[in-house]
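**Q** In terms of the UniProt record's numbering, the sequence shown opens at residue 1 and continues consecutively.
Hints may be right or wrong, so weigh each one.
[Unchecked claim] Simulated restraints on C-beta separations:
#1 Gly16 - Ser146: 41 to 51 Å
#2 Ile142 - Lys72: 31 to 41 Å
#3 Asp141 - Ala89: 16 to 26 Å
#4 Pro128 - Glu100: 19 to 29 Å
#5 Lys83 - Met125: 36 to 46 Å
#6 Ile44 - Ile115: 14 to 24 Å
#7 Ala89 - Pro128: 28 to 38 Å
#8 Glu88 - Leu10: 32 to 42 Å
#9 Lys83 - Glu53: 12 to 22 Å
#10 Leu3 - Trp79: 10 to 20 Å
#11 Ile11 - Ile60: 19 to 29 Å
#12 Gly16 - Gly61: 34 to 44 Å
These aren't lab readings, by the way, just hints derived from the structure by calculation.
From the three backbone atoms N, C-alpha and C, an ideal C-beta is built for every residue, glycine too.
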Amino acid sequence: VILDKSVTTLIIGDNGSGKSTVLDALCFVLFGKAYRPIKKAQLINSINQRDCEVEIEFQIGTNKFKVVRGIKPNIFQIWRNGKELDQEAHSKDFQKILEEQILKLNYRSFTQVVILGSSCFIPFMQLPTSHRREVVEDILDIKIFSIMNL
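Kindly produce the complete structure, drawing on both the sequences and the hints.
**A** Pasting the structure below:
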């Protein structure tokens, strides 16, 4: 699915057509968990009970990234400009690199700002103060100021 034809993309379709599945795949490849409140095991192909692999390619500035994540087998790869990043790091550290250094968004901010689904969406002003601060810091990449205040 190509999502770079416009600045915004609206995913529409009949019930059961796969809209939520696309969002689950997007969140899974970037954050290791689905968009909906389901277990990772529920992402696996229900027909043959194996193989779940999602790949996404995107560009930030002049850097081109590819992220591959899978279950059965367990895969988590990040590529920058055609070169795979060192996989010596623990997967949690690797995830932290993806969120903090590449995406500059965590799961909560991503689902609140990038994915606006009516079923789980909470208007920004109704978020708790700490969550609003986190979203703004992620978007503006100013989290360092909160860390300095500690």
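**Q** With reference to the structure, classify each hint as holding or not holding.
**A** Going down the list of hints, with the structure as the test:
About 42 Å separates the C-beta atoms of Gly16 and Ser146, a value consistent with the hinted range of 41 to 51 Å. Range check, Ile142 to Lys72: Cβ separation about 39 Å, and the 31 to 41 Å hint holds. For the pair Asp141 and Ala89, the beta carbons lie near 22 Å from each other, so the given range of 16 to 26 Å is met. Take Pro128 and Glu100: their Cβ atoms lie about 22 Å apart, and the range 19 to 29 Å holds.
A hinted range of 36 to 46 Å for the beta carbons of Lys83 and Met125 is consistent with their spacing of about 42 Å. For Ile44 paired with Ile115, a C-beta distance near 22 Å keeps the hint of 14 to 24 Å intact. Distance hint for Ala89 and Pro128: a CB-CB separation of about 31 Å, consistent with the stated range 28 to 38 Å. With their beta carbons about 40 Å apart, Glu88 and Leu10 fall inside the hinted range of 32 to 42 Å.
Range check, Lys83 to Glu53: about 20 Å between beta-carbon atoms, so the 12 to 22 Å window is met. Checked against the given bound of 10 to 20 Å, the beta carbons of Leu3 and Trp79, roughly 18 Å apart, stay inside it. At roughly 22 Å, the beta-carbon separation of Ile11 and Ile60 lies within the given 19 to 29 Å, and the hint holds. The supplied range of 34 to 44 Å is met by Gly16 and Gly61, whose beta-carbon atoms lie about 38 Å from each other.
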